[in-house]
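As you go down the protein sequences, you meet chains U and B in turn.
Letter by letter, the first sequence follows residues 991 to 1188 of the working numbering.
Letter by letter, the second sequence follows residues 991 to 1188 of the working numbering.
These are computed hints drawn from the structure, not numbers from a lab.
All values derive from a computational prediction rather than experimental measurement.
Be aware that one or more of the hints could be misleading.
As the list claims (entries may be wrong) - Part of the chain U face toward chain B, derived, beta carbon under 7 Å:
| no. | residue |
| --- | --- |
| 1 | Gly1110 |
| 2 | Asn1114 |
| 3 | Ile1115 |
| 4 | Glu1142 |
| 5 | Ser1145 |
| 6 | Ser1153 |
| 7 | Thr1156 |
| 8 | Met1157 |
| 9 | Asn1158 |
| 10 | Ala1176 |
| 11 | Thr1179 |
As the list claims (entries may be wrong) - Cβ-Cβ distance ranges computed for the label pairs, FRET-style:
| no. | chain 1 | residue 1 | chain 2 | residue 2 | range |
| --- | --- | --- | --- | --- | --- |
| 12 | B | Lys1041 | U | Arg1032 | 20 to 30 Å |
| 13 | U | Ala1182 | B | Ala1171 | 20 to 30 Å |
| 14 | U | Ala1068 | B | Gly1006 | 38 to 48 Å |
| 15 | U | Ala1119 | B | Ala1130 | 42 to 52 Å |
| 16 | U | Arg1032 | B | Ala1171 | 39 to 49 Å |
Said to hold, decoys possible - Quick look at which bits of chain U chain B covers, simulated, 3 or more residues with Cβ under 8 Å:
| no. | region |
| --- | --- |
| 17 | 1044-1057 |
| 18 | 1091-1104 |
The beta-carbon is built from N, C-alpha and C at its ideal position, and this holds for glycine as well.
Number of protein chains: 2
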Amino acid sequence: MSEVVGEPKVRLRDAGAARRRILDAAAAEFAEFGVAGARVDRVAAGARIAKERIYAYFGSKEKLFDAVYAEQVRAVLAAVEFDADDLPGYAVRMSEYFATNPAAQRLTTWYRLERAAGPGHDANIEANATRLAALADAQARGRLTTAFDPVELLSLVQAIAASWGTMNPEFEQHAAAVAPAARRRAVETAVARLTAPR
Amino acid sequence: MSEVVGEPKVRLRDAGAARRRILDAAAAEFAEFGVAGARVDRVAAGARIAKERIYAYFGSKEKLFDAVYAEQVRAVLAAVEFDADDLPGYAVRMSEYFATNPAAQRLTTWYRLERAAGPGHDANIEANATRLAALADAQARGRLTTAFDPVELLSLVQAIAASWGTMNPEFEQHAAAVAPAARRRAVETAVARLTAPR
Chain U
991 MSEVVGEPKV
1001 RLRDAGAARR
1011 RILDAAAAEF
1021 AEFGVAGARV
1031 DRVAAGARIA
1041 KERIYAYFGS
1051 KEKLFDAVYA
1061 EQVRAVLAAV
1071 EFDADDLPGY
1081 AVRMSEYFAT
1091 NPAAQRLTTW
1101 YRLERAAGPG
1111 HDANIEANAT
1121 RLAALADAQA
1131 RGRLTTAFDP
1141 VELLSLVQAI
1151 AASWGTMNPE
1161 FEQHAAAVAP
1171 AARRRAVETA
1181 VARLTAPR
Chain B
991 MSEVVGEPKV
1001 RLRDAGAARR
1011 RILDAAAAEF
1021 AEFGVAGARV
1031 DRVAAGARIA
1041 KERIYAYFGS
1051 KEKLFDAVYA
1061 EQVRAVLAAV
1071 EFDADDLPGY
1081 AVRMSEYFAT
1091 NPAAQRLTTW
1101 YRLERAAGPG
1111 HDANIEANAT
1121 RLAALADAQA
1131 RGRLTTAFDP
1141 VELLSLVQAI
1151 AASWGTMNPE
1161 FEQHAAAVAP
1171 AARRRAVETA
1181 VARLTAPR
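Required output: the full structure, derived from the provided sequences and hints.
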């Protein structure tokens, strides 16, 4: 049996599975505690793997966070389609995604607070540029208000899409009384009022 | 001279000054690094005071954060008047405050991420309740749209007021091209479109 485990292909598959377990455990750890608060010991325990292997694979806690965050950015971009011609629909999808995956919204926020000094992620840089171009195009076609420029529009729409997850914690007792469908409708109506071509 | 220093009144004044220096150094440290990332050693160095005295005054790093945050909540509430009859004006004031005091916006965000499990701050609980009542009253007087209920309105307006400080860091290169006056105007126009009584 030990010979089989030693075969290159199996070793590669094992390494892939170990990497996957590390990333999943790290995503939960970072979402909860952020970069400074995360403990690689807990990630190791959660992934059932030696701490040393985590450092061997990822180099440092910070680089492990960046790997988790990069994967999450790709997941959000794949799951939530941006549509400059239907910003209310996009905002609702984004809002739903955050409601279903609060860990994703927390990771995004930790990234802004703790990792903003880096060179930035290509996926974010590209998504920003693509979306701004799409907004300008929708404005040129008369599908979108020109009361705001594309940079202002993107900032406003993202803020509204994220709004239910960004109030002070004391607000939660009030927010909890609003049904999920009403939360969705509030986001949709708000973005519709903002972006109607007038 | 040493007798003068030993007088109760002077000791009290010294203690007050030391407390002030600690809170100021701690506010800068927590804004930058959050609760988990903050180092009491750095706060002690910044306040020119022995670390032991910080623990004697505040008990723990977490309680020191809560003292800093409570002071900041009071400062924001004193500086930025809420007006349910003029939500665009309020949102602009709030947005300006965050633009001028980015540390305040960061502290607010760390609080949400790292200290949400606590009992909550009375000032936040009271401000939420007062504002929701004022919004309901403005709606009853026909000064405010009824397309959203007060909870939805407060969540949306706060999100828009904070919007320029909540995008991904890669967006900063685009946001930097928008002049402060245009940023203000975007917040004002957005809240006006949202809240007009129709």
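Hint check results:
no.	hint	in the structure
1	Gly1110	holds, 4 Å
2	Asn1114	holds, 4 Å
3	Ile1115	holds, 5 Å
4	Glu1142	holds, 4 Å
5	Ser1145	holds, 5 Å
6	Ser1153	holds, 4 Å
7	Thr1156	holds, 6 Å
8	Met1157	holds, 6 Å
9	Asn1158	holds, 5 Å
10	Ala1176	holds, 4 Å
11	Thr1179	holds, 6 Å
12	B:Lys1041 to U:Arg1032: 20 to 30 Å	holds, 27 Å
13	U:Ala1182 to B:Ala1171: 20 to 30 Å	holds, 27 Å
14	U:Ala1068 to B:Gly1006: 38 to 48 Å	violated, 56 Å
15	U:Ala1119 to B:Ala1130: 42 to 52 Å	holds, 46 Å
16	U:Arg1032 to B:Ala1171: 39 to 49 Å	holds, 47 Å
17	1044-1057	violated (count 0)
18	1091-1104	holds (count 8)
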